[in-house]
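Protein sequences appear in the order of chains Y and X. If you're matching positions, the first sequence starts at 2 in our numbering and goes up one per residue. If you're matching positions, the second sequence starts at 4 in our numbering and goes up one per residue.
Hints were generated in silico from the structure; no laboratory data involved. Here the structure is a predicted model, which is why all the values come from computation and not from measurement. All residues carry an ideal CB built from backbone N, CA and C; glycine is no exception. Honestly, I wouldn't trust all of these hints.
To be verified - Looking from chain X toward chain Y, a few residues come up when the C-beta cut is under 7 Å (computed): (1) Leu42; (2) Gly238; (3) Asn240; (4) Ser241; (5) Ile242; (6) Glu252; (7) Phe283.
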Amino acid sequence: MTSYTIAISTMTLAFKAQQVLGQYSIPSSIIKIDPSQTKKGCSYGLKMNYYHADNAKRLLTQNSIKFSELLR
Amino acid sequence: MIYFDNAATTFPKPESVYDSVQDCMRYYCGNPGRSGHKLSVAASKKIYECRSCIASMFHSDSPEQVVFTYNTTYALNIAIKSMACRGDHILISNLEHNSVLRPVNSLLAHGISYGIYDASYESKEEILRSIKSNIRPNTKIIVAIHSSNISPITLPIEEIGKLCKSRNIAFIVDAAQSAGTYDIDINKCGIDALCAPGHKGLYGPQGCGFILFSDKYKDLIPEMYLKTFIEGGNGINSIEKSMPSFIPERFEAGTLATPAIAGLDAGLRFVKSVGTETIFAHENKLRKRLTYILSNTEGITLYGPKNADGGIVLFNADNFTPSELADELDRSGICVRSGLHCSPLAHKALNTREDGAVRVSFSIFNNLNEVEVFYKKLKYILSK
Numbered sequence: 002m003t004s005y006t007i008a009i010s011t012m013t014l015a016f017k018a019q020q021v022l023g024q025y026s027i028p029s030s031i032i033k034i035d036p037s038q039t040k041k042g043c044s045y046g047l048k049m050n051y052y053h054a055d056n057a058k059r060l061l062t063q064n065s066i067k068f069s070e071l072l073r
Numbered sequence: 004m005i006y007f008d009n010a011a012t013t014f015p016k017p018e019s020v021y022d023s024v025q026d027c028m029r030y031y032c033g034n035p036g037r038s039g040h041k042l043s044v045a046a047s048k049k050i051y052e053c054r055s056c057i058a059s060m061f062h063s064d065s066p067e068q069v070v071f072t073y074n075t076t077y078a079l080n081i082a083i084k085s086m087a088c089r090g091d092h093i094l095i096s097n098l099e100h101n102s103v104l105r106p107v108n109s110l111l112a113h114g115i116s117y118g119i120y121d122a123s124y125e126s127k128e129e130i131l132r133s134i135k136s137n138i139r140p141n142t143k144i145i146v147a148i149h150s151s152n153i154s155p156i157t158l159p160i161e162e163i164g165k166l167c168k169s170r171n172i173a174f175i176v177d178a179a180q181s182a183g184t185y186d187i188d189i190n191k192c193g194i195d196a197l198c199a200p201g202h203k204g205l206y207g208p209q210g211c212g213f214i215l216f217s218d219k220y221k222d223l224i225p226e227m228y229l230k231t232f233i234e235g236g237n238g239i240n241s242i243e244k245s246m247p248s249f250i251p252e253r254f255e256a257g258t259l260a261t262p263a264i265a266g267l268d269a270g271l272r273f274v275k276s277v278g279t280e281t282i283f284a285h286e287n288k289l290r291k292r293l294t295y296i297l298s299n300t301e302g303i304t305l306y307g308p309k310n311a312d313g314g315i316v317l318f319n320a321d322n323f324t325p326s327e328l329a330d331e332l333d334r335s336g337i338c339v340r341s342g343l344h345c346s347p348l349a350h351k352a353l354n355t356r357e358d359g360a361v362r363v364s365f366s367i368f369n370n371l372n373e374v375e376v377f378y379k380k381l382k383y384i385l386s387k
């Protein structure tokens with residue numbers, strides 16, 4: 002299974018995002034993203050099955066949750 | 004022992020609060036928002052749950068608008084000082100605690116002035132009239148204590164919020180005494196920043212308070228508006244030299260008080276399960292009984308409006324200073340607070356003695372029997 006990680010700047014928003022995705026039965030786990038993978042240093046991400054990635058991005062956008070990049 | 008000093012901090016706490024603090028300390032007290040390991044994520048999760056609980060209690064859909072602080076004083080300092088700019092004028096009520104008076108007074112040195120409106124009227128219209136007559140063209144912030152910490156006086160925050168909105172003035176509410184006993188709707192009341200403690204009416208531990216910012220403050224340019232005065236690490240954007248531009252992390256530098264927040268989460272759930280209306284009615288019932296007894300006791304002076312509802316009784320007794328009486332009560336096993344209660348403005352408004360008065364304040368854990376015991380002991384002290 003290939004996993005996708007959506008990068009989110011803060012733990013607070015990562016939990017909010019996880020809650021939103023959970024409401025649509027998209028399971029995800031919160032991970033810390035290596036600072037070398039972002040431009041600003043430490044941030045967090047939601048790791049999920051790649052199958053859910055497009056749907057997840059759409060739902061986060063709908064809920065005004067900003068995500069900065071998508072890491073494979 | 005009878006504890007009647009709940010306006011200072013509620014005691015005891017619900018069992019669930021003790022359990023929650025202990026569980027956190029024992030099983031998952033990692034540093035929240037710093038690492039990716041299980042303990043750190045578990046601590047972060049509890050903090051997010053508490054943010055969600057706070058947001059829903061005050062009718063906000065945005066847990067991320069909750070900023071944790073150490074207490075209400077920190078919350079009010081952050082709210083006031085982050086919004087005020089040189090040349091601005093701030094209006095505060097004559098019932099404010101020093102947690103408002105001192106911050107606005109300190110801003111005089113930064114070119115920010117303040118005025119005081121009279122909130123000691125019994126009619127909403129009179130209070131609103133006083134606010135309107137004190138608004139200046141450069142008034143940018145109005146602060147209102149929702150419930151006084153020395154008397155059962157409640158300000159009409161919904162009406163003040165509407166007035167603020169119509170004049171494009173930011174509205175900051177000090178809910179130190181009302182969070183947990185009133186159903187406060189941040190949107191309906193037009194509140195920009197709601198400041199509250201965790202350890203009073205929400206039955207959490209000391210060491211946590213919060214600001215709930217309105218959604219209006221989600222997409223501002225913070226460099227132009229919400230200033231920080233505490234900076235430091237918070238686990239995100241570590242390469243950048245300035246604080247993040249968004250709430251809550253903009254105002255949360257350093258490690259949060261996770262055990263206290265875990266306790267607050269349990270306290271909030273307790274309040275929700277009992278209901279703010281039930282808690283208010285219970286405290287008010289005790290206040291009514293004590294007010295009735297004291298108003299029929301010779302040598303007792305009661306302060307504040309006679310027909311107001313709440314959970315506080317303020318009084319003095321002839322031939323005793325407030326601190327002498329509080330000491331005597333303490334020796335009799337009763338905890339009350341005497342003096343000015345950090346609210347010299349409010350004491351002046353209520354025309355108490357120069358050295359203040361004695362305050363009795365209730366919680367859901369007090370009962371009518373304690374009120375009767377209190378009165379018997381008070382009568383004995385007065386007769387000596």
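Comparing the hints with the structure gives:
no.: 1; hint: Leu42; result: violated, 13 Å
no.: 2; hint: Gly238; result: holds, 6 Å
no.: 3; hint: Asn240; result: holds, 4 Å
no.: 4; hint: Ser241; result: holds, 3 Å
no.: 5; hint: Ile242; result: holds, 4 Å
no.: 6; hint: Glu252; result: holds, 5 Å
no.: 7; hint: Phe283; result: violated, 31 Å
Comparing the model with each numbered hint stated earlier shows that hints 1 and 7 do not hold.
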